[in-house]
Amino acid sequence: MAQYSSSRNIPQQRRGLTAIDAIAALIVILLVVQIWLLSATLDAYLAGHTETALPGAIVSGMLCAACFAMYGFVRRVDKDARPGR
Amino acid sequence: MPDRVKEQEPLWRDEFSISRADERYVNRRQLTKFLTLGSLGMFAGNLWILVRSWLRKAEVYHRSVVATAGEIPVGGVKLFEYPKPGQQCILIRIAEDDYVAYSQKCTHLSCAVFYSRAQNRLECPCHQGYFSVKDGSVLQGPPTRPLPRVILERSGGELVAIEMQPQV
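Chains as they are written, first to last, in our numbering: chain E, 1 to 85; chain L, 1001 to 1168.
Think of the hints as simulated: they come from the structure by calculation, not from any bench.
One or more hints might be untrue.
[What the hints assert, rightly or not] What the simulated footprint calls covered on chain L by chain E, stretch by stretch (three residues with Cβ under 8 Å from a Cβ of chain E suffice, anywhere in the stretch; the number is not a length):
(1) 1022-1028
(2) 1032-1043
[Said to hold, decoys possible] Partial selection, computed: residues in chain L whose CB lies under 8 Å from chain E:
(3) 1046
(4) 1047
(5) 1049
(6) 1050
(7) 1052
(8) 1053
(9) 1056
(10) 1145
[To be verified] Label-pair ranges, simulated between beta-carbon atoms:
(11) L:1153 x E:66: 50 to 58 Å
(12) E:39 x L:1139: 21 to 29 Å
(13) L:1128 x E:35: 26 to 34 Å
(14) E:29 x L:1073: 53 to 61 Å
(15) E:50 x L:1084: 13 to 21 Å
In this text, all values refer to a predicted model and were calculated from it rather than measured experimentally.
Virtual Cβ for every residue (Gly too), placed ideally from N, Cα, C.
One chain only, chain E, in its complex shape (with noise of 0.2 Å):
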């Protein structure tokens, strides 16, 4: 394991978790947005007005989609960065 360890390739390694760092810091901003969206659909909602209801669905999927988008690439990054795991 030491040995397997010690072989990789460190700036490879930090260029990896630099890319995971800048991703998860997108997924947070993509995640605040997707909050106010649902607090404000829900306002809106509450209040009687349905007609927000269908973008606010279709944009927070978007949102959804391109967070998990995201995650796949952090997974494909971890896999280069960590052959065998």
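The hints should help you fit chain L onto chain E, whose structure is shown.
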């Protein structure tokens, strides 16, 4: 052969790695996974609202006599339930021949509003939210939406509630 051994490794050995370098990756990947699941939760919430709004039926209002003209003095109030039992509303006689009625539920956190004759406004005692007695609009405080107004109709000597005006 070694590849086969790796394939058979249990998940926990990867998730709880003894290598610090691996641990950094695993921690970040796990965080990203939970954030993504949080995003899925937000989407599910939006879908839930969408389904609820599709299933929502238009409110049907019935005519209901709430008071007789002259029953309450100028500046006086009367509480009544409209459109369903338990949905408290407040009728106010603001002038000799001028009546207004609103839902008594504050649009902030649903406390019961009351009419302040001295200030000539509807006040919520919980968080000092004030509403105009003329149209139910917000004058001050945390509420962002006006009070739903009950549309009144004069029928002979009676005041009849015919509809609730939706909030803008």
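Right, here's what the structure says about each hint:
no., hint, in the structure
1, 1022-1028, "holds (count 4)"
2, 1032-1043, "holds (count 9)"
3, 1046, "holds (4 Å)"
4, 1047, "holds (6 Å)"
5, 1049, "holds (5 Å)"
6, 1050, "holds (4 Å)"
7, 1052, "holds (7 Å)"
8, 1053, "holds (4 Å)"
9, 1056, "holds (6 Å)"
10, 1145, "holds (6 Å)"
11, L:1153 x E:66: 50 to 58 Å, "holds (52 Å)"
12, E:39 x L:1139: 21 to 29 Å, "holds (24 Å)"
13, L:1128 x E:35: 26 to 34 Å, "holds (28 Å)"
14, E:29 x L:1073: 53 to 61 Å, "holds (58 Å)"
15, E:50 x L:1084: 13 to 21 Å, "holds (20 Å)"
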